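Number of protein chains: 2
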Amino acid sequence: MISKEQIAADYQSIQNEICAALELADGKAHFEEELWEREGGGGGRTRIIQNGSIFEKGGVNFSAVHGHLPDTMKKALNVEQDDFFATGVSIVIHPNHPMVPIIHMNIRYFEMPSSFSSGQPVRWFGGGIDLTPHYVLEEDGRYFHGQLKSVCDKFNNDFYHRFKLWADDYFFIKHRNETRGIGGIFYDRLTANEELSWEQLFEFSKAVGRTFAPTYLELVDRNRNKEFNEKHQAWQYQRRSRYAEFNLVYDAGTRFGLETNGRIESILMSLPPTAQWVYNYQPISGSEEEKTLSLLKKGINWII
Amino acid sequence: MISKEQIAADYQSIQNEICAALELADGKAHFEEELWEREGGGGGRTRIIQNGSIFEKGGVNFSAVHGHLPDTMKKALNVEQDDFFATGVSIVIHPNHPMVPIIHMNIRYFEMPSSFSSGQPVRWFGGGIDLTPHYVLEEDGRYFHGQLKSVCDKFNNDFYHRFKLWADDYFFIKHRNETRGIGGIFYDRLTANEELSWEQLFEFSKAVGRTFAPTYLELVDRNRNKEFNEKHQAWQYQRRSRYAEFNLVYDAGTRFGLETNGRIESILMSLPPTAQWVYNYQPISGSEEEKTLSLLKKGINWII
Chain A
1 MISKEQIAAD
11 YQSIQNEICA
21 ALELADGKAH
31 FEEELWEREG
41 GGGGRTRIIQ
51 NGSIFEKGGV
61 NFSAVHGHLP
71 DTMKKALNVE
81 QDDFFATGVS
91 IVIHPNHPMV
101 PIIHMNIRYF
111 EMPSSFSSGQ
121 PVRWFGGGID
131 LTPHYVLEED
141 GRYFHGQLKS
151 VCDKFNNDFY
161 HRFKLWADDY
171 FFIKHRNETR
181 GIGGIFYDRL
191 TANEELSWEQ
201 LFEFSKAVGR
211 TFAPTYLELV
221 DRNRNKEFNE
231 KHQAWQYQRR
241 SRYAEFNLVY
251 DAGTRFGLET
261 NGRIESILMS
271 LPPTAQWVYN
281 YQPISGSEEE
291 KTLSLLKKGI
301 NWII
Chain B
1 MISKEQIAAD
11 YQSIQNEICA
21 ALELADGKAH
31 FEEELWEREG
41 GGGGRTRIIQ
51 NGSIFEKGGV
61 NFSAVHGHLP
71 DTMKKALNVE
81 QDDFFATGVS
91 IVIHPNHPMV
101 PIIHMNIRYF
111 EMPSSFSSGQ
121 PVRWFGGGID
131 LTPHYVLEED
141 GRYFHGQLKS
151 VCDKFNNDFY
161 HRFKLWADDY
171 FFIKHRNETR
181 GIGGIFYDRL
191 TANEELSWEQ
201 LFEFSKAVGR
211 TFAPTYLELV
221 DRNRNKEFNE
231 KHQAWQYQRR
241 SRYAEFNLVY
251 DAGTRFGLET
261 NGRIESILMS
271 LPPTAQWVYN
281 YQPISGSEEE
291 KTLSLLKKGI
301 NWII
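One line per chain: the protein sequences are A and B, in this order. Following the working numbering, the numbering of the first sequence begins with 1 at its first residue and continues without gaps. Following the working numbering, the numbering of the second sequence begins with 1 at its first residue and continues without gaps.
Remember, identical chains collapse to one label, so a pair may be satisfied in a single copy or spanning two.
List time: in silico SDA-like cross-link candidates among lysine to any residue, alpha-carbon distance up to 25 Å:
| id | residue 1 | residue 2 |
| --- | --- | --- |
| 1 | 291 | 264 |
| 2 | 298 | 153 |
| 3 | 75 | 264 |
| 4 | 174 | 40 |
| 5 | 174 | 263 |
| 6 | 28 | 280 |
| 7 | 297 | 259 |
| 8 | 75 | 252 |
| 9 | 4 | 126 |
| 10 | 149 | 214 |
| 11 | 231 | 97 |
| 12 | 4 | 85 |
| 13 | 174 | 73 |
| 14 | 298 | 264 |
| 15 | 174 | 251 |
| 16 | 231 | 53 |
| 17 | 297 | 263 |
| 18 | 74 | 249 |
| 19 | 206 | 85 |
These are computed hints drawn from the structure, not numbers from a lab. Everything numeric in this text was worked out from a predicted model, so none of it was measured.
With the hints as extra help, turn the sequences into a complete structure.
Shown next, in the form of structure tokens:
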């Protein structure tokens, strides 16, 4: 059986690999690292890149925390033990360029160590990758979803389908009736069964983590040299405000962090560098902005 | 007994007076009006001013809505009837100038008409005014709180004290451990008693509404011609991001609106035109920014 130490160690390696790949691509900015400790147990390695040639603000964070679950959280997770261990890598990248998409990735593992002795251990994997283009380009969307499907298909033929629907439902800004972006995959509480062992789930988790850098950097390369003007930038800032709305109003991880006195700067590193709220914006008929809004819907099939 | 129609009519007059005063002060921009109807009953008059010489983005909104309360809301309000009437004026102003403060005002009245026949009518007034300076200037803070105290003292000697504490508690960004601004007054569920009749409470509500324009415009005049540079503007954008955090994470009115399919553009008109999130910002020791942060605390006495 894989140990939590092994999972945390491999997640740290993935953090290292991703930071190295992004720094190389950016060529200008470097990640600044902050090591932090959690009062209740454990800590993390927050790495932030800012004001790069490609990346305006991004975080690639690792944490491995343990301790006692607050009662509200026990209730939310529907568990009886109160000791927990959680480790994960979390990424949000806000690029400078309006044609380069925002991206989010998370891989995580949760367990309640004391449950192991009872023979019914509480443990699961969760995570996902989703894309938030300021301007939705259909061929990029197909490429992105195709990459995710390839990773999923190596482990289980149902994964992509199930996790794509889950992402559509999760990354939804209810009060705007629009999705945050074009989705991707989202999964939680994945446990071993007859088909997939814990080892295989761990391999899947790592494969999701390792597909992040090549997939995103392909999308960066496709778009980073396109021309853009102030109109595109204003739209980018407006789309970022929707990203902030989602994270502050709906995102479970963000709200959990805010309610449990998490490390605020690590939790809110996902918020955009500059965002704008324009009153009652209406896209011009036939414009690229209108087309993007038409594609921020659940249930779009990105696989041909 | 004052009727709900009378209250709504006087609130509309107050909206008119405030819009006229702000337009006159701005001298450039005009309010754009949108009339809207609520599906369940009633509607409103949203008035937005944008890109003015003083006011970058502001809303002075009136609404008078009625209908059936959703069960969640009955529970939250701890009431048994399900028909309601609510009217109010709501204001948020984001000025261009970093030395001119953001301001918020609300006056509102709520009743459950069917409760009137039972002889124990459910009705109350609520509201308040609070100030969010990007840079806290102590003399402006004292002036602002002094104005509010004068209004309160005309009606009840306890009002200012009670409502100032209430504002400190309400306009608090828990995850930042800072207040949204320097507070002001906040009150809710104010009902008539031996000391104050419904007529007097209504007069108090209108007095709060009518102190808004002269009080705010004095603060505008004191600061609008001061020089400022990019550093001040960057700080302004950062303070606005905290304003957005408060409204999206904590503000009861905003969250109620988002959860009950309110008119999104009217609800979110409070969000700032441009906001910035900087990772792990630390003010320079001895700077004006540090001083401001030191004054974003509960329990400061602004009355000398």
